[in-house]
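Q: Here is how the chains run, residue by residue.
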Amino acid sequence: MNEGYIPILFMLALATAFCVVVVILSRLVGKRQDSSEKLMAYECGNIPTGNARQRFPIKFYIIAMLFIVFDIEAMFLYPWAVIYKSLKLFGLIEMVLFVGILLIGFIYIWKKGALEWGSRNI
Amino acid sequence: MEQQLFWLWGGIAVISAVMMILKRNPVHSALCLVVVFVSLALLYVLLGAEFLAAVQVIVYAGAIMVLFLFVIMLLNLETEVRSQGLSRVAFKACSLAGTGLLLLLLLGGGAVKALRAMAPEQVSGVPGNTQAVAELLFTKYLLPFEVTSILLLAAIVGALVLAGKRD
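Protein chains in written order, with the working numbering: chain U, 181 to 302; chain H, 54 to 220.
Don't take every hint at face value.
[Stated by the list, open to error] Below, simulated DSBU-like cross-link-like pairs (lysine-lysine); rule was C-alpha separation at most 35 Å, straight line:
{"hint": "1", "chain 1": "U", "residue 1": "LYS239", "chain 2": "U", "residue 2": "LYS291"}
{"hint": "2", "chain 1": "U", "residue 1": "LYS211", "chain 2": "H", "residue 2": "LYS76"}
{"hint": "3", "chain 1": "H", "residue 1": "LYS76", "chain 2": "U", "residue 2": "LYS265"}
{"hint": "4", "chain 1": "H", "residue 1": "LYS76", "chain 2": "U", "residue 2": "LYS239"}
{"hint": "5", "chain 1": "H", "residue 1": "LYS193", "chain 2": "U", "residue 2": "LYS268"}
[As the list claims (entries may be wrong)] Okay, the calculated beta carbon distance ranges per label pair:
{"hint": "6", "chain 1": "U", "residue 1": "LEU219", "chain 2": "H", "residue 2": "ALA70", "range": "27 to 33 Å"}
{"hint": "7", "chain 1": "H", "residue 1": "GLY217", "chain 2": "U", "residue 2": "GLY280", "range": "23 to 29 Å"}
{"hint": "8", "chain 1": "H", "residue 1": "LEU157", "chain 2": "U", "residue 2": "LEU219", "range": "45 to 51 Å"}
Hints are computed from structural coordinates only; laboratory data are not their basis.
Glycine included, every Cβ here is placed at the ideal spot set by N, Cα and C.
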């Protein structure tokens, strides 16, 4: 393992310990008086209307799916950027091809109207 | 130190994976899955694969978990979950199969050896192996990389076609 990660490990342990200690302390020291108002789901001060579990429109699913695809595309840009200089023109052509193919998909979803929130099609 | 940390992250990963299966509430299962993903990322860091660790957190714990949550919301599983769980027979069968697999992996060193032989050459550039990964990806594994874009394109079209209205 890389030695440089020791401070991060230390911070992780410290953060975890802090959370655990604070939660346990507030349990031990604090008073607990539960009332039905206190245990109500917090909705920014409004009185909650029904369960949080409602069926979501399928649009959310499409957005999530597209997010994954373009997230993966972005992930490939990181290693490419690291060695971009040594790849020279060849690297540029590679990446233009890669992004170009995905651009077709992007134009497709745009034309299909999947990025419009309010209306029609999907 | 490294050994202990491996057992710590590995233990957390296995325990939260088991919790993910046993939890009745699908959202709780999803949260357990996030813990599994993060502990896997920590294992990657332990192996010196920082790039993979970052990808694990950004793509899996980020994007894919969002999709899972949306799918849980989409299907609105809660009412079904309350009424019917895993049947007793299915539970027994699953635990038997799992134990068998574990035994196989522990005892059959041959399987581990075979897996090792299958693994591509080690990428272990000392500080930050992102560069080593990149060099392999853009030279030797160039074709798979370009094919990935077509795979992603198929995913885009597939998502839209599956979710779209039927005419």
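Q: So, for every hint listed, does it hold in this structure?
A: We went through each hint and held it up to the structure:
no.: 1; hint: LYS239(U) to LYS291(U); verdict: holds (16 Å)
no.: 2; hint: LYS211(U) to LYS76(H); verdict: holds (30 Å)
no.: 3; hint: LYS76(H) to LYS265(U); verdict: violated (49 Å)
no.: 4; hint: LYS76(H) to LYS239(U); verdict: holds (28 Å)
no.: 5; hint: LYS193(H) to LYS268(U); verdict: holds (16 Å)
no.: 6; hint: LEU219(U) to ALA70(H): 27 to 33 Å; verdict: holds (31 Å)
no.: 7; hint: GLY217(H) to GLY280(U): 23 to 29 Å; verdict: holds (24 Å)
no.: 8; hint: LEU157(H) to LEU219(U): 45 to 51 Å; verdict: holds (48 Å)
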